[in-house]
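A.B. asks: So the sequences go chain by chain: A and B.
Residues 1 to 515 in the numbering used here are what the first sequence lists, from first letter to last.
Residues 516 to 733 in the numbering used here are what the second sequence lists, from first letter to last.
No lab work stands behind these hints, which were simulated from the structure alone.
Computed from a predicted model, the values in this text were never measured in an experiment.
Don't take every hint at face value.
[As the list claims (entries may be wrong)] The calculated label-pair distances, taken between Cβ atoms and stated as ranges, are: (1) A:439 to B:730: 23 to 33 Å; (2) A:473 to B:566: 33 to 43 Å; (3) B:725 to A:372: 52 to 62 Å; (4) B:658 to A:479: 47 to 57 Å; (5) A:191 to B:574: 49 to 59 Å; (6) A:472 to B:522: 35 to 45 Å; (7) A:439 to B:668: 31 to 41 Å; (8) A:487 to B:574: 35 to 45 Å; (9) A:284 to B:644: 29 to 39 Å; (10) A:228 to B:708: 44 to 54 Å; (11) A:484 to B:530: 19 to 29 Å; (12) B:699 to A:215: 48 to 58 Å; (13) A:439 to B:644: 22 to 32 Å.
[Stated by the list, open to error] No more than 25 Å apart at the CA atoms, straight line, and that leaves these computed lysine to aspartate or glutamate pairs for DMTMM-like: (14) A:78 to A:149; (15) B:575 to A:38; (16) B:575 to A:448; (17) A:66 to A:97; (18) A:459 to B:658; (19) A:459 to A:436; (20) A:433 to A:464; (21) A:433 to A:383; (22) B:575 to A:439; (23) B:575 to A:97; (24) A:433 to B:590.
The beta carbon of each residue, even a glycine, is placed where N, CA and C say it ideally should be.
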Amino acid sequence: MRRRTKRVLGPVLGAAVFALGAMGMTAHAEKGYTYCYDYWGDVQYSPDAYETVDVLTSEELGLDVKLSSPQGMFVSGKYIYVCDTGNNRILEFERDDTDTIRLVRQIDSIQGDTDVKSFNSPTDVAIGEDGCMYVADMNNNRVVKLDMDANYIMEFTKPDDVTFDQSISFIPTKLAVDTAGRVYCIATNVNKGLLKYENDGTFAGYIGATPVTYDWIDYIWKRLATQEQRAKMENFVPTEYDNIYMDYEGFIYACTSNVSEEEVDAGSATPIRRLNMLGSDILVRNGEWPVAGDLYIGSGGGYSGPSLFTDITAMDNDVYIGLDRMRGRLFAYDDQGRMLYCFGGNGSMNGYFKQPAAIEHMGHDLLVLDALDCSITLFTPTEYGSLIFDAIEQFQDGFYEESGESWQSVMDLNGNYDMAYIGIGRSLLRQKKYHEAMDYFRLKYDEDNYSKAYKQYRKEWVEDHIVPIIVIVLLLLTVPLLVGRIRKTKQEIDRADIFKPGMIGNPEAGDGRQQ
Amino acid sequence: MTASAKRKEKFQNYISSLKFSLYCITHPFDGFWDLTHEKRGSIAAANTILILTLLARILKLQFTSFIFIRVYWPEINIFLYIASVVFPLGLWTICNWGLTTLFDGKGRLSQVYMATCYGMTPYPLIQFPLIIFSHFVTVDEAEFYVVLSALSLVWAAALILVAMSQIHEYKMSQTIVAVIATGFGMLVMIFILLLFFSMISQGVAYFISIGKEILFRI
Chain A
1 MRRRTKRVLG PVLGAAVFAL GAMGMTAHAE KGYTYCYDYW GDVQYSPDAY
51 ETVDVLTSEE LGLDVKLSSP QGMFVSGKYI YVCDTGNNRI LEFERDDTDT
101 IRLVRQIDSI QGDTDVKSFN SPTDVAIGED GCMYVADMNN NRVVKLDMDA
151 NYIMEFTKPD DVTFDQSISF IPTKLAVDTA GRVYCIATNV NKGLLKYEND
201 GTFAGYIGAT PVTYDWIDYI WKRLATQEQR AKMENFVPTE YDNIYMDYEG
251 FIYACTSNVS EEEVDAGSAT PIRRLNMLGS DILVRNGEWP VAGDLYIGSG
301 GGYSGPSLFT DITAMDNDVY IGLDRMRGRL FAYDDQGRML YCFGGNGSMN
351 GYFKQPAAIE HMGHDLLVLD ALDCSITLFT PTEYGSLIFD AIEQFQDGFY
401 EESGESWQSV MDLNGNYDMA YIGIGRSLLR QKKYHEAMDY FRLKYDEDNY
451 SKAYKQYRKE WVEDHIVPII VIVLLLLTVP LLVGRIRKTK QEIDRADIFK
501 PGMIGNPEAG DGRQQ
Chain B
516 MTASAKRKEK FQNYISSLKF SLYCITHPFD GFWDLTHEKR GSIAAANTIL
566 ILTLLARILK LQFTSFIFIR VYWPEINIFL YIASVVFPLG LWTICNWGLT
616 TLFDGKGRLS QVYMATCYGM TPYPLIQFPL IIFSHFVTVD EAEFYVVLSA
666 LSLVWAAALI LVAMSQIHEY KMSQTIVAVI ATGFGMLVMI FILLLFFSMI
716 SQGVAYFISI GKEILFRI
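Taking the hints into account, I'd like the entire structure generated from these sequences.
C.D. replies: Laid out in structure tokens, this is it:
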């Protein structure tokens with residue numbers, strides 16, 4: 001009953017969003033910029049969780065040469081690094097206070113012991129723990145490591161390994177660096193997962209490849225098909241990742257746009273993954289709906305197909321935000337894989353994107369790099385957004401009561417928000433107010449938490465009423481026995497020979513049958 | 516006085532025929548034989564059981580704990596929900612009677628209906644207490660509910676099967692064949708009904724468009 005067809009709403013929703021967009025209303029006043037899915041998967045519009053502070057184009061960033069198709073971005077402390085892919089340079093900005101972003105330097109050449117002193121289409125940049133800069137120098141087929149003053153230290157090149165097909169060239173596109181200086185990178189045409197390099201530059205194998213599976217129906221079909229038919233069939237190739245992000249704990253958030261509509265409809269799509277050191281996906285998916293972006297993916301508003309995650313970022317409170325390049329939306333999920341909110345869209349107003357390429361966070365603020373618009377959009381949480389973060393962080397830090405109050409404030413702003421009800425419930429549960437907690441969980445159909453609360457409530461209730469319960473149980477056991485005994489005695493008395501006239505001295509007739 | 520005495524006797528007959536359903540569910544072979552052959556059952560009692568079944572199904576939606584049943588109320592149509600029991604029951608009764616009449620079945624139409632309704636007795640009998648029971652369990656203990664709920668259906672199905680064999684005086688193998696045949700018959704009837712309704716609606720649409728055409732021309 002609850003998994004209803006999702007396509008019905010798609011066109012309607014798309015048309016609604018399109019119509020609202022076309023009416024030229026301001027981005028943040030309209031209904032429909034920020035939304036969330038409720039328990040039933042219905043769209044529930046919500047107050048905006050983020051507002052645009054500014055859209056920074058080349059001019060506002062103080063650049064002489066305009067940005068050209070920037071692809072990568074990295075934030076380290078208050079510094080923002082942008083890969084200006086088309087101009088073969090890395091830009092470093094500093095964000096002084098909330099609004100101004102100042103250009104610190106441009107890196108367009110490398111000093112030191114290397115033959116290739118310039119970049120060729122750098123697509124991603126990362127800063128290591130030691131302050132070294134790692135650049136995915138795509139068309140130079142290398143990942144290059146520079147020190148703080150842009151001096152060459154070393155490079156990571158095509159793996160000299162049997163597992164790497166030597167006939168294809170090494171085209172690194174995205175990378176991440178862990179605290180030990182190990183480099184994880186995504187390379188074009190490599191579908192064995194992420195390439196992992198030790199900090200001395202040796203290739204250490206692949207991690208995070210999707211296991212290839214196929215079911216027996218496919219197997220039979222392939223057996224029956226001719227060579228030509230087989231060639232036309234879909235190939236079962238493991239996923240190539242689109243982007244990776246190393247979170248504060250050293251786990252890698254990876255996203256891929258290689259998902260099919262069928263997988264999203266069936267709820268089996270995993271476009272966002274969290275990989276541990278062994279490369280297994282440890283993302284928690286406890287939400288009612290899969291961590292896969294939009295549910296309504298039928299054609300609407302000129303777009304059709306599943307959300308295509310092109311980049312992802314994870315905050316220190318385990319909230320992660322995926323960037324969908326299909327509809328230009330940002331999807332935020334909490335540590336349990338429940339959707340917090342979604343906002344954004346394709347368009348040219350503030351807060352909308354043309355071709356979003358990268359997302360980073362600075363504290364709770366978000367930066368989105370647009371490759372076509374050549375701009376950085378800076379978002380900051382609204383009161384509503386901050387309250388949600390407060391509530392999540394207070395709960396994680398063990399301040400359950402305060403968390404409950406924050407969720408209550410969230411609920412005051414948005415009464416249709418399932419997360420607020422469950423948040424209050426979880427806070428009450430921790431405060432041992434089981435009966436109140438049950439009400440909140442019941443309202444939003446959270447059966448697991450409800451059961452936890454109910455179990456405790458039931459236990460308490462039984463403990464409080466143990467005396468009446470025992471009395472009732474004893475009565476139930478003894479009363480029928482007593483009644484039976486009384487009846488039997490009565491019968492025996494009734495049938496007893498001595499009370500029957502004329503029976504005295506005639507015991508053979510005294511078995512009571514004549515009665 | 517005689518009228519009221521008659522009414523009283525009628526009422527007592529009704530009550531005893533309703534009580535007989537409890538005998539049927541525990542002694543199906545004996546019970547369903549007596550149901551028709553000894554005239555122990557009544558259509559009134561059968562109707563009561565049907566209404567109780569419908570009531571159980573509807574009240575279940577509203578009052579069962581959300582752990583087991585969650586209802587998206589905007590999509591619930593109470594009449595369709597009732598029809599989801601009554602319509603298949605009607606099809607079953609007619610189709611079963613139609614087929615068994617051709618193959619030496621002794622049961623009449625009203626008897627097929629009565630026996631089927633009597634066979635449904637375990638459903639309200641188990642589902643009503645389950646509605647209350649559902650509020651006292653957690654997810655970990657949900658299995659109890661699921662098993663009991665399934666039991667009510669399996670029990671009812673078994674009873675209906677036995678009921679058919681007894682009222683038609685069939686052997687068990689014959690009954691199973693008859694039940695399967697009835698299933699196919701129901702499908703055929705649904706197909707014909709669909710065909711009929713789509714033809715009718717097209718026919719009506721045809722005359723409406725002719726009417727409109729005439730009105731435009733006048």
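A.B. asks: Kindly confirm whether 19 to 29 Å is satisfied by the beta carbon distance between residue 484 (chain A) and residue 530 (chain B).
C.D. replies: Hint holds: Cβ distance 28 Å, inside 19 to 29 Å.
A.B. asks: Regarding residue 228 (chain A) and residue 708 (chain B), is the given constraint of 44 to 54 Å on their beta-carbon distance met?
C.D. replies: holds (45 Å)
A.B. asks: Evaluate the given range 48 to 58 Å for the C-beta pair formed by residue 699 (chain B) and residue 215 (chain A).
C.D. replies: violated (31 Å)
A.B. asks: Given the proposed pairing of residue 575 (chain B) with residue 439 (chain A), does the C-alpha separation stay at or below 25 Å?
C.D. replies: Holds, at about 20 Å.
A.B. asks: Is it true that residue 439 (chain A) and residue 644 (chain B) lie within 22 to 32 Å of each other by Cβ?
C.D. replies: Since residue 439 (chain A) and residue 644 (chain B) have Cβ atoms about 25 Å apart, the given range 22 to 32 Å holds.
A.B. asks: Does the Cβ-Cβ separation between residue 472 (chain A) and residue 522 (chain B) fall within 35 to 45 Å?
C.D. replies: At roughly 41 Å between Cβ atoms, residue 522 (chain B) and residue 472 (chain A) fall inside 35 to 45 Å, so the hint holds.
A.B. asks: Is residue 78 (chain A) within 25 Å of residue 149 (chain A), Cα to Cα?
C.D. replies: Holds, at about 18 Å.
A.B. asks: State, for the Cβ atoms of residue 439 (chain A) and residue 668 (chain B), whether the hinted interval 31 to 41 Å holds or is violated.
C.D. replies: holds (32 Å)
A.B. asks: Does the hinted range 49 to 59 Å hold for residue 191 (chain A) and residue 574 (chain B) at CB?
C.D. replies: holds (55 Å)
A.B. asks: I want to verify a distance hint. Is the separation of the beta carbons of residue 473 (chain A) and residue 566 (chain B) within 33 to 43 Å?
C.D. replies: Distance hint for residue 473 (chain A), residue 566 (chain B) holds at roughly 36 Å.
A.B. asks: Given the hint of 52 to 62 Å, is the C-beta distance from residue 725 (chain B) to residue 372 (chain A) inside that range or not?
C.D. replies: holds (58 Å)
A.B. asks: For the pair we were handed, residue 575 (chain B) and residue 448 (chain A), check the Cα-Cα distance against 25 Å.
C.D. replies: holds (21 Å)
Violated hints, in rising order: 1, 4, 12, 21, 23, 24; the structure is consistent with all others.
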